[in-house]
Amino acid sequence: MAGDDALLDRSRDISQPLDRLSADERLKKSSDYLRGTIATGLIDRITGAVATDDTRLMKIHGMYQQDDRDLRDERRRQKLEPAYRFMIRVRLPGGVCTPEQWLKLDSLARAHGGGSLRLTSRQTFQFHWVLKEDVRATIQGLHEALLDTVAACGDVSRNVMCASDPQDSALHAEVAAAARQVSDHYMPRTRAYHEIWYGEEKVASSGAEQEPFYGATYLPRKFKIGFVVPPSNDIDVYTQDLGFIAIAGPDGLEGYNVAIGGGMGRTDNEPTTYPRLADVIGYIPKDRLVAATGAVMSVQRDYGNRLERNRARFKYTIDDKGLGWIKAAIEARLGAPLEPARPFHFTSNGDSFGWRETQSGRFNCTLFVESGRLANRPGRAWLDGMREIARVHRGQIRVTPNQNLIVAGVAAEDRPAIEALLAEHGLAGGLESAIRRNSIACVALPTCGLAMAEAERYLPDILARIEAILAAQGLLGEPITFRISGCPNGCSRPYVAEIALTGRAPGKYNLYLGGGFHGERLARMVRENVGESEVLSVLEALLGRYAAERLPGERLGDFVERISYLASASQVPARITPII
Amino acid sequence: MTARALFPADTLNLDQRRHVEALSGSVTPEQARWISGYFAGLEAGIARLAGDGGALSPEAPRAARTLTVLHGGETGNCAGLARMFAAAARERDLTAEIVDMARYKPRRLREEQDLLVIVSTHGEGDPPQPALDFFEYVEGPKAPKLPELRYAVLALGDSSYEHYCEAGKRLDRRLEALGAGRLAPRADCDVDFDETAAQWSAEALALLAAQAGAGSEVSVPADSAFPAATAHDKRNPFDARIIENLVIVGRDSTKETRHIELDIAGSGLAYDPGDAIGIVARNDPAVVEALLDAAGLSGDAGLTVKGEATSLADALEGHFEIALTPPRFLDHWAALTGAAPLRRLAGEEGKSERLAWLRAHHVVDIVRRFPLGGLDAETFVAGLRPLQPRLYSIASSLSAMPDEAHVTLAPVRYQLHGEPRHGVASAHLADRGAVGGTLPVYIQPNEQFRLPEDDKAIVMIGAGTGIAPYRAFLQEREARGAGGGSWLFFGERNFRSDFLYQTEWQAWLKDGLLSRMDVAFSRDRDGRTYVQHRMLERSADLYAWLEEGAHLYVCGDAVGMAPDVHDTLVAIVAEQGGYGRERAEDYVRDLQRSRRYQRDVY
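If you read the protein sequences in the order shown, they are chains C and H.
The numbering of the first sequence is the working numbering, which starts it at 14 and goes up by one.
The numbering of the second sequence is the working numbering, which starts it at 40 and goes up by one.
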């Protein structure tokens with residue numbers, strides 16, 4: 014029971030003195046609410062980097078210090094420091110922006126971001142390649158467009174996701190507003206961001222005023238919240254720390270099923286770390302949303318592991334304390350038990366592309382953006398194309414959870430102009446294979462410091478080879494989810510894909526198969542640390558069997574699950590399932 | 040260098056020479072220094088016992104006139120020549136005192152009897168920086184009449200500058216005007232000064248010896264006027280193995296700056312931080328080919344260079360400057376071709392535009408534009424200057440990098456007449472300097488650029504490859520555990536690509552060996568920011584460091600950076616010290632005089 018704190022192991026949580034917790038906790042505490050020495054580091058001309066401690070604090074300001082890893086070795090020999098750059102991530106609840114904001118994002122990407130905008134798997138924008146001296150200008154530019162980067166990274170509530178529903182139902186509008194409300198409510202309140210990035214004066218205030226919810230040490234780890242509108246599970250609600258599944262009645266939105274404890278990240282050779290799907294623990298009426306969010310997050314804030322960072326995510330707190338105990342703690346903080354979960358039904362976690370008419374009689378067009386990378390490349394002047402569209406468009410532009418774009422709210426009479434621009438800039442799409450349209454790659458090399466192998470840059474090639482196998486089996490039209498991550502942390506949500514690769518070393522990946530098509534089941538690792546030829550030979554054998562033995566309408570992931578169940582029915586589940 | 044030069048026949052008899060040779064082969068450098076001190080002390084003692092004809096002094100010391108060798112320069116060439124002259128003088132039983140103009144008390148002039156002046160010219164005919172005081176006094180109204188003085192001037196310069204050897208010419212004129220008697224005519228030396236300087240020295244020595252009534256009247260052959268200083272020198276360079284040759288500017292740099300590491304193990308070469316290394320580079324065979332083509336000459340044509348038979352191709356590759364045109368080639372080619380435009384340029388009428396025109400026309404360009412048939416090899420090369428070694432400040436310290444010498448080199452490349460052109464050593468190293476190959480080198484000491492005592496603070500100002508000696512300084516200080524503060528100002532074009540040795544400075548900053556560092560990048564977004572701007576931003580601290588006794592160093596570009604830095608320094612002293620301009624200049628001059636402001640500019 015939640016009340017039995019005396020029997021509870023609290024040796025790793027916020028109740029402990031700081032010197033018994035991890036260095037990150039001490040850093041947060043001593044940073045004066047995320048100020049650290051960031052401001053002085055920005056004007057240090059001897060290095061393009063900032064102090065190591067400040068790089069951790071800056072995550073909560075929405076940016077990562079990175080370097081061009083393609084040049085790292087070359088520059089080391091040249092006695093030059095790494096080519097430091099900053100990745101800046103925008104806070105964009107639900108992935109919605111206006112054309113005016115798009116034009117600002119576009120101009121900042123051209124001025125400071127190496128001419129590209131990256132759509133992320135959490136529905137926002139990333140600028141890569143920003144130099145230290147341009148970080149402030151970038152953030153001030155965003156500010157002009159009423160955008161910011163607060164809490165886009167770090168130990169706080171991250172960008173709040175929301176279903177991108179291309180039908181634009183009234184239900185969706187209400188859920189999107191709720192997502193923004195939650196995002197705003199649980200934003201860090203420190204003035205450090207305004208002081209450092211906007212140059213505003215420091216205002217004296219007490220600690221409690223600075224962070225009434227988070228406190229000086231914020232959360233033990235990142236916290237991901239997402240809203241989904243069935244039957245689409247585009248946000249992969251089971252991968253969120255806290256997911257809200259919208260439940261509608263005859264008069265629209267009534268409330269949410271609450272799912273807790275999802276998370277993708279794992280650490281190689283650390284069996285105590287693992288991907289985990291969220292558990293649906295009950296239902297709340299919609300007017301309890303902010304309170305429920307606070308109840309869940311505060312349980313993680315107060316009981317989460319602050320000693321071992323790789324065990325600090327909410328999913329481990331749940332498994333360590335027990336789901337029942339956690340649920341009771343949440344209910345205690347809510348002051349009432351959760352209602353039983355209501356029925357719901359998902360069909361897919363992918364996007365549906367092309368034009369859709371909305372309930373209000375306007376039109377939305379979902380565009381396929383491979384790997385979420387908007388840049389100008391031969392035959393694909395996508396950055397230019399979206400700029401031209403933003404100049405004439407009068408609705409919204411949305412980022413989907415699958416790193417694609419929706420040009421939303423187009424009036425019937427404006428559609429021809431938009432269509433012409435899409436065609437002119439190679440954005441109309443429609444020729445890609447179904448697997449390509451259902452693919453996600455994280456950024457990985459050369460910018461991400463965690464990457465062990467290629468992801469975004471490798472996706473086009475590996476997919477071409479898989480497409481050849483699919484074509485030979487007559488499966489090119491079959492939607493299959495394919496996701497690739499450069500490391501085991503899983504930003505592309507690989508562990509719920511039907512086919513997934515996670516990087517181990519240059520050219521080496523773990524191969525996962527059998528995730529649920531709508532994100533309801535984890536994939537199994539079938540090969541560990543193998544190269545492309547082994548990956549392709551496994552897929553060739555699997556897809557051959559799939560073409561021959563699949564049941565009518567059976568998804569690849571379900572097929573994999575069925576044959577591996579048959580193969581290992583009498584065996585203890587192994588870490589690696591050698592189904593092929 | 041032959042044994043004859045080391046032991047002139049009239050100094051030691053054969054038996055004595057054998058003893059000395061045997062001894063010199065077995066002693067360590069320290070023992071050698073002790074022995075030399077022993078004999079010097081013995082000689083001094085013998086001299087005091089006047090008249091006692093000891094074994095070391097077969098003749099009674101003469102009540103001779105005093106002889107002073109006064110030198111002024113910025114690179115150490117003049118000091119080196121002065122030392123060699125004094126050594127040669129000793130062989131003729133003449134005692135010469137060597138004094139640097141930077142430390143010479145000008146009022147001593149009226150007491151001088153025989154004075155030899157060796158002085159170089161810089162910039163627009165200016166005296167060397169450390170000699171400015173001396174010039175101001177001698178050329179000013181306070182200078183005394185010098186009727187008793189006999190003098191000779193050896194002027195060093197570079198004929199590709201307009202005011203060639205001007206500083207020497209000025210002193211030569213002024214001393215005459217003050218009533219002094221010219222002992223020997225002035226000699227003007229171009230960058231290939233060895234022969235001219237040796238000739239002048241031999242002549243001056245012969246005159247001095249004759250007039251002192253010393254010994255025989257045998258003339259001193261020019262090539263033996265200077266004894267060899269080290270085993271390896273300019274004429275006998277050491278083939279150092281190239282162990283690293285790497286472009287150390289990042290991609291997208293507008294430069295091609297290289298870091299080169301040379302293995303000098305077994306060479307006997309030794310250097311101090313601040314010294315330079317001379318690279319005896321060869322011309323690019325392709326450039327030689329092009330020149331031969333233009334002149335209609337065969338590379339196989341035979342000719343004699345410095346008494347040795349060789350082929351024209353080899354001579355052009357290894358013995359002559361064939362890119363930048365010296366004025367003497369203009370005269371030569373004007374005379375040979377009789378071409379009117381060349382004659383006009385060579386004459387009085389073309390004086391104002393001559394140097395600019397020469398800079399824009401390499402030898403090959405002139406030969407192409409004013410071709411001449413029926414030329415022979417000897418005639419062709421008669422107008423060319425000998426190929427000079429290229430000097431680079433050494434970027435390492437022997438204490439930290441035993442048996443190695445590091446060089447920081449920015450290859451010179453540009454377009455001229457639609458063709459790519461490049462500097463000699465630059466191209467040699469960039470294009471033909473593969474790791475594993477060798478490079479002929481020697482050490483050029485630079486007494487004008489020396490670290491102070493370990494506990495003294497240093498302020499180092501450098502742009503581009505001018506940062507090289509500071510790497511040597513810090514390596515040395517690190518190896519010695521020197522505790523003095525250090526402050527580095529560095530300027531280049533772009534932060535991300537051109538921050539030379541960035542990670543090394545960062546490490547030294549982190550461990551405190553380098554106390555402070557300020558950088559200026561002129562082609563980054565802010566643009567047009569140079570080291571002097573950073574100095575100005577730090578005026579108060581910089582002045583405080585100077586007040587507390589810091590030594591200041593400037594290394595790099597002589598035309599752009601060094602004068603700006605100098606002016607800025609004066610401005611900072613004026614502002615921070617509350618001085619007028621004149622007093623601030625005095626302050627800075629005092630720094631130079633006390634060797635607390637040293638420059639190595641090129």
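Don't take every hint at face value.
When the alpha-carbon atoms are kept at most 30 Å apart in a straight line, the in silico DSBU-like pairs for lysine-lysine are as follows [what the hints assert, rightly or not]: (1) 117/C x 215/C; (2) 215/C x 145/C; (3) 92/C x 495/H; (4) 549/H x 145/C; (5) 549/H x 92/C; (6) 549/H x 42/C; (7) 208/H x 181/H.
No lab work stands behind these hints, which were simulated from the structure alone.
Taking the hints in turn, this is what the structure says about them:
1. 117/C x 215/C: Holds, because 28 Å separates the two Cα atoms, which is no more than 30 Å.
2. 215/C x 145/C: It holds: about 22 Å lies between the C-alpha atoms, which stays within 30 Å.
3. 92/C x 495/H: holds (28 Å)
4. 549/H x 145/C: holds (20 Å)
5. 549/H x 92/C: holds (16 Å)
6. 549/H x 42/C: Given that 30 Å is the threshold and the Cα spacing comes to 25 Å, the pair holds.
7. 208/H x 181/H: holds (20 Å)
Every hint, counting from the list given before, is met by this structure.
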